[in-house]
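6 protein chains.
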Amino acid sequence: MKTILTIFFIFSLLSLSHASVVDFCVADYTFPNGPAGYSCKKPSKVTADDFVYHGLSAGGNTTNIIKAAVTPAFDAQFPGVNGLGISIARLDLAAGGVIPLHTHPGASEVLVVVQGKICAGFVSSDNTVYLKTLYKGDVMVFPQGLLHFQINGGGSNALAFVSFSSPNPGLQILDFALFKSDFPTELITATTFIDAAVVKKLKGVLGGSG
Amino acid sequence: MKTILTIFFIFSLLSLSHASVVDFCVADYTFPNGPAGYSCKKPSKVTADDFVYHGLSAGGNTTNIIKAAVTPAFDAQFPGVNGLGISIARLDLAAGGVIPLHTHPGASEVLVVVQGKICAGFVSSDNTVYLKTLYKGDVMVFPQGLLHFQINGGGSNALAFVSFSSPNPGLQILDFALFKSDFPTELITATTFIDAAVVKKLKGVLGGSG
Amino acid sequence: MKTILTIFFIFSLLSLSHASVVDFCVADYTFPNGPAGYSCKKPSKVTADDFVYHGLSAGGNTTNIIKAAVTPAFDAQFPGVNGLGISIARLDLAAGGVIPLHTHPGASEVLVVVQGKICAGFVSSDNTVYLKTLYKGDVMVFPQGLLHFQINGGGSNALAFVSFSSPNPGLQILDFALFKSDFPTELITATTFIDAAVVKKLKGVLGGSG
Amino acid sequence: MKTILTIFFIFSLLSLSHASVVDFCVADYTFPNGPAGYSCKKPSKVTADDFVYHGLSAGGNTTNIIKAAVTPAFDAQFPGVNGLGISIARLDLAAGGVIPLHTHPGASEVLVVVQGKICAGFVSSDNTVYLKTLYKGDVMVFPQGLLHFQINGGGSNALAFVSFSSPNPGLQILDFALFKSDFPTELITATTFIDAAVVKKLKGVLGGSG
Amino acid sequence: MKTILTIFFIFSLLSLSHASVVDFCVADYTFPNGPAGYSCKKPSKVTADDFVYHGLSAGGNTTNIIKAAVTPAFDAQFPGVNGLGISIARLDLAAGGVIPLHTHPGASEVLVVVQGKICAGFVSSDNTVYLKTLYKGDVMVFPQGLLHFQINGGGSNALAFVSFSSPNPGLQILDFALFKSDFPTELITATTFIDAAVVKKLKGVLGGSG
Amino acid sequence: MKTILTIFFIFSLLSLSHASVVDFCVADYTFPNGPAGYSCKKPSKVTADDFVYHGLSAGGNTTNIIKAAVTPAFDAQFPGVNGLGISIARLDLAAGGVIPLHTHPGASEVLVVVQGKICAGFVSSDNTVYLKTLYKGDVMVFPQGLLHFQINGGGSNALAFVSFSSPNPGLQILDFALFKSDFPTELITATTFIDAAVVKKLKGVLGGSG
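Residue numbers (the UniProt record's numbering), protein chains in the order written: chain V, 1 to 210; chain H, 1 to 210; chain L, 1 to 210; chain X, 1 to 210; chain W, 1 to 210; chain F, 1 to 210.
Hint data in this document are derived by calculation from the structure and do not stem from the laboratory.
Derived coverage of chain F by chain W (criterion: at least 3 residues anywhere in the stretch with Cβ under 8 Å from a Cβ of chain W; other residues may be distant):
#	region
1	83-92
2	120-133
3	155-165
Derived contacts from chain L toward chain F, CB cut-off under 7 Å, selection only:
#	residue
4	P32
5	N33
6	G34
7	P35
8	A36
9	P105
10	N168
C-beta atoms are modelled at their ideal positions from N, C-alpha and C, and glycine is treated no differently.
My request is simple: use the sequences and hints to build the entire structure.
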């Protein structure tokens with residue numbers, strides 16, 4: 001081992017003088033983002049804290065009527081995932097809880113049930129419906145961009161984590177897009193064939209206008 | 001120029017002996033496809049016809065009640081676009097015609113109006129609705145995976161071509177996913193808050209079950 | 001339906017607090033661009049107009065001798081396509097019009113004929129020439145980076161729209177690269193085997209130097 | 001609503017005749033795989049079961065000396081994630097359990113702690129070590145290809161799920177690469193400066209040769 | 001160290017049972033290729049030889065009139081690079097040697113001069129010409145899809161290695177595309193404005209027809 | 001040819017008014033970088049010098065004990081490769097020289113031997129070791145993210161160039177990550193099973209702490 005002492009004496013000469021660490025790109029929110037994500041924080045200012053997110057440790061507030069909550073750790077919340085092709089979120093479903101029909105325009109999703117029983121499903125482009133009841137430890141994948149949902153299938157709280165193949169998967173909730181927006185009722189009716197009266201009632205509930 | 005005659009005498013020695021042409025990958029439908037598309041036809045069997053599609057030259061049949069037709073030239077129909085990151089389709093909208101709310105799970109779309117007047121729109125993840133009336137020659141882009149629609153905004157036929165950032169963009173029509181499938185009514189109601197009666201009526205019309 | 005009124009009372013709790021809309025990245029030309037495109041405009045400043053481009057509605061000026069015009073709607077002109085993997089352009093060919101041999105270094109192209117008759121072709125890496133005469137409604141695909149051209153094949157105006165698998169496909173016109181540049185004549189001759197006299201004549205015409 | 005009945009009478013004419021569903025590519029293991037993954041199962045043979053994986057519901061066997069287990073749901077085990085850019089695995093760490101230093105050559109990783117306390121860390125290219133102690137619900141991201149580890153930081157069982165930005169992230173365990181392989185001892189010593197005696201001892205333990 | 005002996009006794013339990021090695025995809029030429037490359041050889045049949053290519057060790061034959069040779073190690077020749085996003089080739093230029101104007105439709109190129117003096121250049125989309133004289137050890141990058149060339153700038157042999165950002169970069173040599181093909185002379189003239197007489201003379205030399 | 005003179009009189013009308021050249025993105029180091037690389041220098045300020053790098057023309061300093069040097073031309077050193085998916089480096093190995101075990105977290109590598117004899121190898125995820133002795137002109141590929149090394153296999157200087165499938169491949173040297181960092185000794189021992197005494201000795205040599 002003694003020779004090694006000598007061996008490394010000038011070993012640091014090998015060291016690259018690359019000023020920037022290229023392994024990651026922790027989001028710097030002070031610059032405008034681009035198509036590939038946010039600008040990178042200077043490596044010298046990056047700490048271990050940038051790679052950890054505590055926001056999913058507490059359950060989301062499910063004391064609402066849908067009895068459910070989605071808590072995201074996307075690149076807008078969790079700077080460490082910026083540019084890395086992955087992100088995560090937490091789903092809390094109280095008894096009777098429902099995550100309404102939605103899509104992630106830019107990512108596929110993998111769900112793992114941590115607690116409880118969840119009924120989940122998605123619809124493919126050829127209108128086939130894929131439904132499964134999932135138990136603790138079960139995993140389900142939802143292919144990119146397809147309509148899907150999760151419902152608490154049991155009598156007690158359910159908890160799941162969902163991961164995405166993008167740091168910014170997006171989330172388009174069908175009911176919100178239609179009834180919590182200013183999407184003109186006549187256009188909704190024309191493009192969904194749902195009666196105007198039904199549309200207006202749901203808009204009244206959700207706060208949409210038009 | 002005479003010297004050139006000599007110059008190229010053995011010029012073909014430069015020629016690469018690469019057995020396969022790597023510039024394109026015309027779809028060979030006889031093998032199973034993969035995540036990146038279909039297998040490639042042998043270059044020796046590829047002809048100019050593989051790169052041309054005639055299926056969009058005739059208008060789609062709009063003598064239906066929605067008075068509209070979508071005619072795709074995706075990789076499943078048009079072998080030349082396989083693997084090339086692009087495809088195209090034709091939209092025909094007779095007077096009163098409507099392309100119902102839909103998404104393309106795997107692609108962004110650019111529409112160009114060739115004839116008539118089209119009202120088009122999409123909804124973003126934060127439930128903002130972007131609506132425009134488009135005239136001949138106008139172009140509109142619909143970002144990947146978002147709900148959008150097109151309606152004939154005039155009194156005569158409208159024609160548009162839509163291009164996609166993928167050879168297989170997919171097409172999920174909202175009404176078909178919900179009401180032309182075997183998506184159980186109680187799950188639709190639970191995940192969209194649309195009354196079961198409304199769901200059943202639309203299913204009756206569209207042929208859905210469950 | 002009444003229960004729904006209650007149901008959604010606190011429904012907005014589900015809403016994500018993501019400050020940025022991640023579905024698109026409308027180009028903000030005031031910042032320098034990057035390898036993936038331009039910086040994103042703040043979502044709050046984005047309007048429907050950002051997703052629509054009117055610049056292709058009028059025909060390009062073909063009262064030149066090549067009797068043709070290319071009008072692009074790339075990300076540099078059309079901010080809405082920034083980052084979305086697609087763009088479009090308009091080709092106008094008067095009688096006798098020609099789009100000279102060119103390549104798009106970064107994209108494949110799909111052409112659809114809207115009016116007239118167009119003779120188009122491309123050459124593959126193994127020097128095979130793929131030629132077709134295209135009529136109204138015909139579609140042709142030109143694989144990425146290969147030399148191709150379009151010629152008006154009829155006696156009247158022809159119009160086509162061409163879409164690209166990139167928001168910034170690039171456009172390298174062979175004659176311009178050689179004869180409208182300061183590419184030294186002796187280097188052109190050495191690397192193309194075209195006589196210096198021919199090169200100089202074409203440079204004289206096109207305005208090249210060297 | 002009555003009119004709708006008529007409206008949809010011929011609505012199915014809109015339906016695309018695309019023979020294949022392009023939304024997903026469930027792995028068909030009977031064909032050789034390619035750079036983008038496995039071939040796709042025919043859509044007609046795909047069922048909801050293809051999108052669900054039960055193999056993570058039971059804890060891995062930690063009655064070994066490292067008191068830990070990694071149970072993957074990569075594309076080789078879970079056909080539904082093939083081609084979708086994401087996968088998942090389960091980490092079980094009994095008291096004193098350790099997941100030794102390793103890399104995933106082709107993916108970034110997001111870990112979420114479901115039970116217990118985990119000490120985790122990674123080393124960047126500039127030899128900075130990022131260490132954190134994680135509690136239930138905490139999330140940590142490990143950028144692609146970097147050396148990292150997880151250790152049970154508490155006195156009881158710990159459980160975590162780790163997601164990857166690829167359906168086939170790979171897993172290279174440092175000790176196995178060096179000491180459970182036939183990597184010649186003299187080459188290990190030459191390229192790591194670890195004494196041959198140390199190498200041989202570890203090889204003896206792990207079963208390596210050479 | 002003794003405890004370690006025990007430690008690893010059942011250590012192999014950690015081992016993943018993944019049947020396939022996912023780190024690479026050595027080309028199996030017996031199956032048709034796809035858009036992402038060739039099918040993968042079974043890992044059990046892969047040897048170190050698959051990752052090594054000897055075909056570049058001998059200089060190409062430059063006893064032709066252009067006094068140059070390109071020897072590729074693309075995925076069609078070198079199975080180990082299949083799917084890995086990189087390939088390499090060797091350029092030999094005898095005194096007076098020239099690699100004529102060409103493009104790589106699907107890749108950027110980095111050249112390093114190993115012997116001699118090379119004059120190289122490329123033309124950008126805005127017709128700017130970038131020229132440099134390169135000496136031993138100099139590196140030059142040629143952005144994807146742009147016309148470029150290399151000429152021996154000295155009186156003795158020159159040698160360079162060129163790497164590509166794709167395992168199948170393609171190679172379109174301008175003169176071959178025009179004059180060694182069956183590209184009809186009248187179409188060449190119409191799309192390049194080079195006189196038919198010049199075209200025919202070059203075709204005669206290179207063996208083109210039409 | 002006379003007619004051509006007229007032909008091009010207004011030919012420049014075809015010219016696109018695209019303000020930015022989109023073919024490349026020469027790094028502008030004055031702005032923060034992003035996930036896809038550095039911001040682009042304005043095209044008007046780009047010169048041929050931006051595409052050439054002289055830093056590899058001189059051998060690295062091998063008068064150290066490992067008798068080896070790595071000289072990178074990544075995007076941080078060579079602005080021309082920014083965003084182009086490729087980069088290069090130079091390896092100098094004096095007699096007895098060694099490039100210690102390392103990975104490139106974000107790229108595959110192709111090596112070509114220019115001088116001397118090199119013994120190289122890598123280890124796959126299933127702990128297979130692929131070893132080869134390489135001579136002048138031999139090429140070897142190292143798949144992304146896997147541990148690999150190079151050793152001078154002869155009695156005289158060896159020189160190789162290594163290309164990468166990314167402009168910023170990263171470089172993680174195993175010994176540096178472990179022993180030249182502040183990686184706590186007890187964590188190294190726990191996650192590598194290398195004795196603390198061995199770890200401390202190597203840390204002493206390399207300058208690590210903890």
